[in-house]
Amino acid sequence: MLMPAARGSPTLAGCTAPHKLQVAPRRFPSPPLLLEPQTLVCVWRARAVAAPCPSLAGAPKAAWTRPPSEVTFHIEPYSNRDDQNMNKNVKYIIDKYGNHPAFYRYKTSTGQSLPMFYVYDSYITKPKMWANLLTPSGSQSVRGTPYDGLFIALLVEEKHKYDILQSGFDGIYTYFATNGFTYGSSHQNWAKLKSFCDENNLMFIPSVGPGYIDTNIRPWNSQNTRNRINGKYYEVSLSTALQTHPSLISITSFNEWHEGTQIENAVPKRTTNTVYLDYRPHKPSYYLELTRKWSEKYSKERIAYTLDQQLPAS
163 MLMPAARGSP TLAGCTAPHK LQVAPRRFPS PPLLLEPQTL VCVWRARAVA
213 APCPSLAGAP KAAWTRPPSE VTFHIEPYSN RDDQNMNKNV KYIIDKYGNH
263 PAFYRYKTST GQSLPMFYVY DSYITKPKMW ANLLTPSGSQ SVRGTPYDGL
313 FIALLVEEKH KYDILQSGFD GIYTYFATNG FTYGSSHQNW AKLKSFCDEN
363 NLMFIPSVGP GYIDTNIRPW NSQNTRNRIN GKYYEVSLST ALQTHPSLIS
413 ITSFNEWHEG TQIENAVPKR TTNTVYLDYR PHKPSYYLEL TRKWSEKYSK
463 ERIAYTLDQQ LPAS
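Read in the working numbering, the sequence shown has 206 at position 44, and its numbers run on one by one without any break.
There may be inaccurate statements among the hints.
[To be verified] Subject to a maximum C-alpha distance of 25 angstroms in a straight line, what follows is the list of computed SDA-like cross-link-like pairs (lysine to any residue):
id, residue 1, residue 2
1, K354, S457
2, K459, L404
3, K250, Q302
Just so you know, these hints were derived from the structure itself, not from any lab.
Take the sequences, apply the hints, and build the full model.
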C-alpha cells in the first residue's frame, strides 16, 4: 500500500528533487515513454527560431549512448509556435539528430521509416496553420520531403478530433495520466477514439500512467488524484489501452515526480518540505518491471492482431 506519509526519491544519478522545480499547471509536460523497448520521448522546449535545445545536452544524451535506447521528441507550445518556425525546428531536429542510430523512426504500413513528433497543446494553433505544414499543398509543407514524419496531436476535447483531421496530423495521443480528467484521457472513450482513427487513417496512441498526485504544487487539484493501488491503476490503464489494439501506447511518465506519475526506480527518502509516495511494499524497480511485463504483452498482442487482420474474411 502507498502511504501518504512515505517519501520517495529517484535513484538515477543526477536527478534533482522535484520540489525545486517551478511548474506552471499543465504547461510543461514531462517526457512520456513509448511502450516499445527503451524508447524515450524527450521534451523539446524550442524557441521560435531553431536553436540547440539545452535539455539534449544533459540527461537525454545518456539515452542516446545506451543502445538499444531510442529517442523521439515531444514539442511544447513555445512562444509564437506556428507553421513557419515549426518547419525550421523540424528541419533542425532531423539535420542535427536524424543520422544518429538512437533516433527513433516508426515503420509504417507502407514500409517507410519516419521520425515521430508529439505536439503538445496542438489545439492552441489553428488547423489552417497546421495544414500549411502537414498537408502536401501547404506553403510550409514537409510532406514528401526529407523532413516528413509522423506528427501526433494532443486530443483533449472530443471536438479536437475534427480539427486534427483538418490539420493534417498523422495521429492522436491523450497524454494525461488521470482517467476522467479530459475526454481524451478517459478510458471509456478510447474504443470510440480508436474507431475514429481507423476510419480516418490516423494512429491512435493512448497514454497511460501509474497514478497521479500533484497536490504539493496544485493544492486545489485533489479531485484529479489517482492512487496507484499497488500497481493496479497502472495495470488497468495498460489493459484498457491494449484492448483497443493501438498503434502505440505512451506512458506518462518516466520521471515527472511533481505530478506523481514517475515509473523510474524510487527509494524512500525524508525531506522537510515535500511528501512523495514511494513504491513500498514493493521494490524500487516495481513499476519498471510492470512496464516490461506489459511491453511483452503488447508486442505479442500486436503480432497476433496484425496476423488476424491479414486473414481473408470468411
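Here is what the structure says about each hint:
no. : hint        : result
1   : K354 - S457 : holds (23 angstroms)
2   : K459 - L404 : holds (9 angstroms)
3   : K250 - Q302 : holds (9 angstroms)
Comparing the model with each numbered hint stated earlier shows that all of them hold.
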